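Between the sequences and the hints, there should be enough to build the whole structure, so can you do that?
Order-wise, the sequence lines are chains A and B.
For the first sequence, position 138 matches number 138 in the working numbering, and the numbering has no gaps at all.
For the second sequence, position 174 matches number 174 in the working numbering, and the numbering has no gaps at all.
If you are wondering where the hints come from, they were derived from the structure by calculation, not from laboratory data.
Check before you lean on any hint, since a few could be wrong.
Which copy is meant is left open, so a pair is good if it fits within one copy or across any two.
Said to hold, decoys possible - Below 30 Å or equal to it, Euclidean Cα-Cα: the simulated BS3-like pairs (lysine-lysine) are:
hint	residue 1	residue 2
1	Lys279	Lys330
2	Lys359	Lys378
3	Lys378	Lys363
4	Lys363	Lys373
On a predicted model such as this, the values are computed, not experimentally measured, just so you know.
Number of protein chains: 2
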Amino acid sequence: MAEGNYTVTPWEVKGKVDYDKLIIQFGTQKITDQLREEIKNVVGDMHVMLRREIFFSHRDLDLVIKDWKEGKGFFLYTGRAPSLGMHIGHMIPFLFTAWLQQKFGVNVYIEITDDEKFMRNLDYSLDQTRQWALDNILDIIAAGFDLDKTFIFQDTEYIRNMYPMAIKIAKKLTFSEVKATFGLDVSSNIGIIFYPALQIVPTMFEKRRCLIPAGIDQDPYWRLQRDIAESLGYFKAAQIHSKFLPPLNGPEGKMSSSIPESAIYLTDDPKTVEKKIMKYAFSGGQPTVELQRKFGANLEIDVPYQWLYYFFEENDEEVKRIEEEYRSGKMLTGEVKQILVQRVNEFLERHRERREKAKDLVKDFKYEGKLAKMMWEKIHE
Amino acid sequence: MAEGNYTVTPWEVKGKVDYDKLIIQFGTQKITDQLREEIKNVVGDMHVMLRREIFFSHRDLDLVIKDWKEGKGFFLYTGRAPSLGMHIGHMIPFLFTAWLQQKFGVNVYIEITDDEKFMRNLDYSLDQTRQWALDNILDIIAAGFDLDKTFIFQDTEYIRNMYPMAIKIAKKLTFSEVKATFGLDVSSNIGIIFYPALQIVPTMFEKRRCLIPAGIDQDPYWRLQRDIAESLGYFKAAQIHSKFLPPLNGPEGKMSSSIPESAIYLTDDPKTVEKKIMKYAFSGGQPTVELQRKFGANLEIDVPYQWLYYFFEENDEEVKRIEEEYRSGKMLTGEVKQILVQRVNEFLERHRERREKAKDLVKDFKYEGKLAKMMWEKIHE
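Set out below in structure tokens:
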């Protein structure tokens, strides 16, 4: 696919995305050096995904920081449509959200849309999507959230508390308005047509600004919220947008759960990780050692390098070293892949340990933690 | 409007309805003398509204009776979109449902759609429709339901228990399928598009046949249920349909809350009842006493006579006497109207007493009665 020839919608990412153009197309703001520095000054630190610009775009993030400085605070909201197994790309918003929570000490709300997943797919039963919800929640908890300031909820369980607010939101959105954004048409079922209202409710859980960390493909959903929020007495949802970690097997599009060789799953064992990366990881290196030594690798399309850069190698000097040696031809694709295998397996080992511990924490995040308890006592109107 | 020139949809009843034609148009069944006798044999009695054929049409009522005879039982379901004040026409399905409950000893579920009413009308707030719900529930309880076998619930409160079943139903109904039936289009809000699923849920509260007493204009709603019920493992909803009590001010259409002179409200005091009937009740009598004595009244279009026949005069001999004397010209319009004033005021006085007592029973019907308690512990899946 030619450069500039790409598609980004909430249900499809195709081609080599031009992120600068996307900012103009979507009408969002670039995260400027100044804004990044401001965050660093406030929290004394900068997450690798912010530093390396995997989080690169925003709406009203400047206002969120301003609110926070003025003592008004803000809150974080993210979510997930449960699936059979999560891949490492799915962890990006959760890891970054957990970092923001640590640094700002704010509440986090995580909506698990077991209803949406069920209604969007003819093949899935509600039992299945609820089982996946419970499973995915373990991975989400493993990202490291604050037990007393985080509420994880499934739509099918928390609906009573959200429904009055949901129908107030729903009353302001016509079928015409949601259909393009959510990819619906007259043959869509009436449940999935209502669902956008439930996705918007958590942006109104507090009378403060809500910040949503998510892939930039999700931005269109939140435009609907921004159109109606103030008429209901709430803030327009602020957002901080990430790029897509490229799929393992190619530099375009995004990882897909339905193409196993495109992704590393959180449950992949060390051997599988090694096999997948060595076999499928798309390389920007030259086809032979001789050519690689002479011309070096094209890092623009090299997936192992990009994964290291955007996610797995936090050390700036080490990344710099790999970049220089790989580009110059001093380093070979196989070596870079081996570094990635090691980093990914380190990450997954840590994740598995945290996931194991998460099993004892589910009931706290869902029902009994300080924030969770408060939320179950509250009807959102 | 010429004979045969009428409209019956769930949101509009216009003209002089030809009920025999309507049965053919809607594809329902006439309640035959045989079926009526069968009911009488089973319960030992026949309600005036059944005897005088205000309930005149059905779907699967024969199967309901068969199930009951075979010990399989059935249950009753009705409901109401709350409004500011109910008129006497609104009481017909509730009075008849309460009678069926008394005779068959079965459970009754009454859905109060505070969500639907709010979402259908731009002018109404959710606070308003919930206030009306509480008010209307008093009138409904006054119809005389069994405290331990009746569950009255508001959608905005009971949604958690209904939602899993609602999304299973929703997944089977497309926008195209519901839009004509419910009078929706692409400018409808996404909440009211989802609502049909919530209306269908109570038909699946038990794994028995569900019987719905309602005006025949409501039939199209239940056709959707009948299309999908069996695929979800439940019965097609059975129905028993009533004619419309004609509006006070004319023999066509049905009473309307927005045209005060068309209806007697449950809160109208005796003086108001008298004034409304004497002033607005549409008469089939002759314009002068002389002409009336000579030609008699046209009972086909006489509203006071029809109200007595269909609702307020249960005594068959008395109705026969009025019919003969009024038709022959022996009785004048003023006299018939006076009889109606008396009957309506007797009914309203009894209603007011029961409504007053209902105030202490609300929490039982909604939360603490035997059936209510059981229903709050149950999630419908």
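For each hint, the structure was consulted:
no., hint, in the structure
1, Lys279 / Lys330, "within (22 Å within a copy, 103 Å between copies)"
2, Lys359 / Lys378, "both (26 Å within a copy, 27 Å between copies)"
3, Lys378 / Lys363, "both (18 Å within a copy, 21 Å between copies)"
4, Lys363 / Lys373, "both (11 Å within a copy, 26 Å between copies)"
In this structure, none of the earlier numbered hints is contradicted; all agree with it.
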